[in-house]
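Turn these sequences into a full structure, and let the hints steer you where they fit.
Okay, here's what each chain looks like letter by letter:
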Amino acid sequence: MELELLGISKTYNNNVCAIKSLNYTLNKSAICGIVGDSGCGKTTLLRIIAGLETPDNGTIKVNNNIVYNGWINVAPEKRQIGMVFQGNALFPHMTVKKNITFGIEKNNLNSVNKLIELFSLEDKINRYPHELSSGQMQRVAIARTLAVQPKILLLDEPFSNLDLIAKSKLRTEIKKIAKILSITVFIVTHDIFDALDICDEIIFINNGELTETCSSSDVKNLSDIKLKSYLKNMTDQAKRFISIIE
Amino acid sequence: MAISETTYFIKKIKNIFNKWTLATASIILVLCLPLLAILLGLLTGAGNTWDHIQKYLLLEYISNSIYLIIGTGILSSLIGISSAWCVATYNFKFRAYIQWLLYLPLAIPSYIMAYAYVGFLEFEGTFDNITLNTTSGLDIMNIWGLIFILSISLYPYVYGSSWVMFTSLGKKLWESTSLSGITQNKYFFNIALPLTLPAIFAGLFLVFMEVLNDYGAAKYFGINTFTTGIFRTWTALEDINSSIFLAAILVVVIVIIQIINRFFRGRKSYSINDISSNSQNVRKNIKGIHQLLVLTICLFPVVIGFIIPLLQLLKWSMLHISSQLDLFLFYLSMNSILLAFFTSLLIVLVALLLVFLPRWSKNTYMKFLTNFSTVGYSIPGAVIGITLIAASGYFVNYFDYIFNLKIGKYIFSGLALLIFAYLFRFISVAYNPLEANTLRINPSIPESSYLLGKSKFFTLFKVEIPLLKSSIISSSLILFIDLMKELPLTLILKPYNIQTLAIKAFEYADDERITEAALPSVILILIITTIILFLSKYSKVKAY
Numbered sequence: 001m002e003l004e005l006l007g008i009s010k011t012y013n014n015n016v017c018a019i020k021s022l023n024y025t026l027n028k029s030a031i032c033g034i035v036g037d038s039g040c041g042k043t044t045l046l047r048i049i050a051g052l053e054t055p056d057n058g059t060i061k062v063n064n065n066i067v068y069n070g071w072i073n074v075a076p077e078k079r080q081i082g083m084v085f086q087g088n089a090l091f092p093h094m095t096v097k098k099n100i101t102f103g104i105e106k107n108n109l110n111s112v113n114k115l116i117e118l119f120s121l122e123d124k125i126n127r128y129p130h131e132l133s134s135g136q137m138q139r140v141a142i143a144r145t146l147a148v149q150p151k152i153l154l155l156d157e158p159f160s161n162l163d164l165i166a167k168s169k170l171r172t173e174i175k176k177i178a179k180i181l182s183i184t185v186f187i188v189t190h191d192i193f194d195a196l197d198i199c200d201e202i203i204f205i206n207n208g209e210l211t212e213t214c215s216s217s218d219v220k221n222l223s224d225i226k227l228k229s230y231l232k233n234m235t236d237q238a239k240r241f242i243s244i245i246e
Numbered sequence: 001m002a003i004s005e006t007t008y009f010i011k012k013i014k015n016i017f018n019k020w021t022l023a024t025a026s027i028i029l030v031l032c033l034p035l036l037a038i039l040l041g042l043l044t045g046a047g048n049t050w051d052h053i054q055k056y057l058l059l060e061y062i063s064n065s066i067y068l069i070i071g072t073g074i075l076s077s078l079i080g081i082s083s084a085w086c087v088a089t090y091n092f093k094f095r096a097y098i099q100w101l102l103y104l105p106l107a108i109p110s111y112i113m114a115y116a117y118v119g120f121l122e123f124e125g126t127f128d129n130i131t132l133n134t135t136s137g138l139d140i141m142n143i144w145g146l147i148f149i150l151s152i153s154l155y156p157y158v159y160g161s162s163w164v165m166f167t168s169l170g171k172k173l174w175e176s177t178s179l180s181g182i183t184q185n186k187y188f189f190n191i192a193l194p195l196t197l198p199a200i201f202a203g204l205f206l207v208f209m210e211v212l213n214d215y216g217a218a219k220y221f222g223i224n225t226f227t228t229g230i231f232r233t234w235t236a237l238e239d240i241n242s243s244i245f246l247a248a249i250l251v252v253v254i255v256i257i258q259i260i261n262r263f264f265r266g267r268k269s270y271s272i273n274d275i276s277s278n279s280q281n282v283r284k285n286i287k288g289i290h291q292l293l294v295l296t297i298c299l300f301p302v303v304i305g306f307i308i309p310l311l312q313l314l315k316w317s318m319l320h321i322s323s324q325l326d327l328f329l330f331y332l333s334m335n336s337i338l339l340a341f342f343t344s345l346l347i348v349l350v351a352l353l354l355v356f357l358p359r360w361s362k363n364t365y366m367k368f369l370t371n372f373s374t375v376g377y378s379i380p381g382a383v384i385g386i387t388l389i390a391a392s393g394y395f396v397n398y399f400d401y402i403f404n405l406k407i408g409k410y411i412f413s414g415l416a417l418l419i420f421a422y423l424f425r426f427i428s429v430a431y432n433p434l435e436a437n438t439l440r441i442n443p444s445i446p447e448s449s450y451l452l453g454k455s456k457f458f459t460l461f462k463v464e465i466p467l468l469k470s471s472i473i474s475s476s477l478i479l480f481i482d483l484m485k486e487l488p489l490t491l492i493l494k495p496y497n498i499q500t501l502a503i504k505a506f507e508y509a510d511d512e513r514i515t516e517a518a519l520p521s522v523i524l525i526l527i528i529t530t531i532i533l534f535l536s537k538y539s540k541v542k543a544y
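These protein sequence lines map, in sequence, to chains X and L.
Quick note on the numbering used here: the first sequence kicks off at 1 and runs consecutively.
Quick note on the numbering used here: the second sequence kicks off at 1 and runs consecutively.
Derived from the structure by calculation, the hints contain no laboratory data.
Please note that a few of the clues may not be correct.
Said to hold, decoys possible - Taking lysine-lysine pairs in the BS3-like style, the calculated list, with each CA pair at most 27 Å apart, reads:
1) X:98 x L:469
2) X:106 x L:456
3) X:151 x X:175
4) X:61 x L:287
5) X:61 x X:179
6) L:469 x X:151
7) X:114 x X:179
8) L:462 x X:106
9) L:462 x X:78
10) L:456 x X:151
11) L:362 x X:61
12) L:19 x X:124
13) L:19 x X:97
14) X:114 x L:462
15) L:462 x X:97
16) L:462 x X:98
17) L:362 x X:97
18) X:175 x X:232
19) X:20 x L:362
20) L:469 x X:106
21) L:456 x X:78
22) X:78 x L:362
23) X:61 x L:19
24) X:124 x L:362
Quick look at the structure:
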């Protein structure tokens, strides 16, 4: 499913400009990482795509169909876009199974069983969210979103609050599932290494402006000097750790 | 440029005025009708008896109301804060029970408390008998007596709000201050009390509103207050315009009290950083004389505010139990329960709509306007009742004049007007806690449901209402208690064929048949006590 963002702008009531005239097109079945500092507008962009926020200007097209242009504003529940929120937003009064099956018809439970299997949640289905670890909660949240078979999946900081092992496991699972379901994925992260690991494309946002776009294999050719020096610094640190371990 | 700005403006308007905005605006408009009618009363001016009222009565209404507010405020604060501090700070025998028993005076409406105490303290009354007729009775039918009655009846508002705050101050705060050598007395006056002030003011504000709302006790004691004055102007002087004008003045006074309350709170921060359950106050174990002293402080309000009046009423009830315990009493009880039950459900439903519709509309003005539709609790029942009678009269005459439709019998002989008045007066009792608890639900939770393809109403019923379950139940029960006790509104607006326990008790007392008022009062108190005890148990059950 192709997603087009044309001239998207958003200013909040207190005159804080969250997104400035952003243009971007993501091709079908690609994984795109949105990278930027805290408060730079990454989450706002996801919420605008999902229909939870209304942009001041611009057009959003999904597979060439307009879902927003000021006159047309397709409601979030009708956009067929799934989103996993930062902090997962599971329904606390429902079991894992009830959470995952919340959005689907009763006669469509087969696909849910597959998802439960894919995310290794078979022995957790009768537990409540507060009885799960952070990693398990995140997997339930993604399974719940995928159960309704969205055309586009939006993940807001899916790796925050996870330990290194859970993080690495979830990255592998997301990559695998995006491939199996051939779904278009947007991942918001402040950690460029998460993006480099699983994304086909990375966009960099700074103060609401799209400053750089590149494929993950192409990241060394970035033109932003600040970003380049940050990457170099991180790579040096990684090298130091590797030398310590070896 | 001009075209793009116009297009932007039109798009913005289109987004603001959606179906949820219109639904919210309609509910707000309907709920604000009594408020508009009261304010119109100010503009249209007083009636022909106003000169008489201004010359001979107004000063007395004002001064008595001020004395009552100040006196009741001081006494209820003393009782409420001291008992709350003891329950929150010390561990003593029966503490777990006493912390809930302290709420029980709320079960006795102040007018019933007044009848009971007059009987208890009168010449050859119960107190006189206990003291072997040495006291020749104690006359409390004066303003000091009314201050005493209202204070022991209303202190639980101050107790409840300050107890919650004292309990949540947290052990870290006490530990860090005690490490700097501060004594417990200094900690109370310099740290705990200032931090609890907003909660105390919130409780006191409710006390003030109840004092201004009181009609039954003030009338029985013969004290002329604003509320009795509004009634008297309408019934005895037969001047509804002056009555509404008085009511409008009272509303202005209440608005000023509210502004002062906010002004005193100022920009200081009273927030407590850590209110998790494991950081709550560690209570100090006490024994011996210290325990006895604390037990006295905590049990004294329960004894004078609940046990003495209840025993007095039970004593009177025994005199008429054989003649009064009949089907009519059962009918009265069922009437009261059903009216309070269904009205509280309706009020909670409207409160839920008022909480969620402005959110769905995403229109910040709607949120602001909602505040106006929830001011009813600050306006005495008598004011609302008389204003609605007058406004409905105009409405009925208008329909008769313009459309030749006689709708008076439908408006005045049914329950609709009374239930609408209850809705206006008590909506904030349900709205405020529901709004506060809705803010605690992570917005991503309902948003997740929308993105899973579910509508706003489906999400409301399947996700948000289950998460608000405990708040909905406790608000409904508090509303039920308020509605069971309510007197002035019911007295003015009830259809002639409807009777409730509160009304029957008042009518007996008004006819000087005070002992006969006891049995309906006792039944009313027992129903409310059951609800309060259930609430105390229920509040211990944790939400998700």
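Quick rundown of the hints versus the structure:
Annotation: proposed proximity of residue 98 (chain X) to residue 469 (chain L) holds, straight-line Cα distance about 18 Å (limit 27 Å). A distance of roughly 20 Å separates the Cα atoms of residue 106 (chain X) and residue 456 (chain L); the hinted pair therefore holds under the 27 Å criterion. Annotation: proposed proximity of residue 151 (chain X) to residue 175 (chain X) holds, straight-line Cα distance about 16 Å (limit 27 Å). Between residue 61 (chain X) and residue 287 (chain L), the direct Cα distance comes to roughly 74 Å. Violation of the 27 Å bound is thereby established for this hinted pair.
Using a Cα cut-off of 27 Å, the hinted pair residue 61 (chain X) and residue 179 (chain X) holds, with the two alpha carbons roughly 23 Å apart. With a CA separation close to 34 Å, the supplied pair residue 469 (chain L) and residue 151 (chain X) exceeds the 27 Å bound. Note on residue 114 (chain X) and residue 179 (chain X): the hinted pairing holds, with a Cα-Cα distance of about 15 Å set against a maximum of 27 Å. In summary, the hint linking residue 462 (chain L) to residue 106 (chain X) is supported, as the alpha carbons are separated by about 16 Å, within the 27 Å threshold.
Restraint check for residue 462 (chain L) and residue 78 (chain X): the C-alpha separation of about 19 Å stays at or below 27 Å, so the hint holds. The suggested pairing of residue 456 (chain L) with residue 151 (chain X) holds, with an alpha-carbon distance near 21 Å, which does not exceed 27 Å. Pair hint residue 362 (chain L) plus residue 61 (chain X) holds up; C-alpha atoms about 23 Å apart against a cutoff of 27 Å. For the proposed pair residue 19 (chain L) and residue 124 (chain X), the alpha carbon gap of about 41 Å is over 27 Å, so the pair is violated.
At roughly 34 Å between alpha-carbon atoms, residue 19 (chain L) and residue 97 (chain X) are farther apart than 27 Å, so this suggested pair is violated. About 25 Å separates the Cα atoms of residue 114 (chain X) and residue 462 (chain L), which keeps this hinted pair within 27 Å; it holds. Using a Cα cut-off of 27 Å, the hinted pair residue 462 (chain L) and residue 97 (chain X) holds, with the two alpha carbons roughly 15 Å apart. As the CA atoms of residue 462 (chain L) and residue 98 (chain X) are separated by approximately 11 Å, the hinted pair is consistent with the 27 Å bound.
Between residue 362 (chain L) and residue 97 (chain X), the direct Cα distance comes to roughly 32 Å. Violation of the 27 Å bound is thereby established for this hinted pair. For the proposed pair residue 175 (chain X) and residue 232 (chain X), the alpha carbon gap of about 26 Å is at most 27 Å, so the pair holds. The hinted pair formed by residue 20 (chain X) and residue 362 (chain L) meets the criterion: a straight-line CA distance of about 22 Å does not exceed 27 Å. Restraint check for residue 469 (chain L) and residue 106 (chain X): satisfied, since their Cα atoms lie roughly 26 Å apart, inside the 27 Å limit.
For the hint pairing residue 456 (chain L) with residue 78 (chain X), the CA-to-CA distance comes to about 12 Å; that is within 27 Å, so the pair holds. A C-alpha spacing of about 18 Å is found between residue 78 (chain X) and residue 362 (chain L), which places the hinted pair at or below 27 Å, so the restraint holds. Restraint check for residue 61 (chain X) and residue 19 (chain L): satisfied, since their Cα atoms lie roughly 25 Å apart, inside the 27 Å limit. Distance check on the hinted pair: residue 124 (chain X) and residue 362 (chain L) sit about 37 Å apart at the alpha-carbon level, beyond 27 Å; violated.
Checked against the numbered hints above, the structure breaks hints 4, 6, 12, 13, 17, 24 and satisfies the rest.
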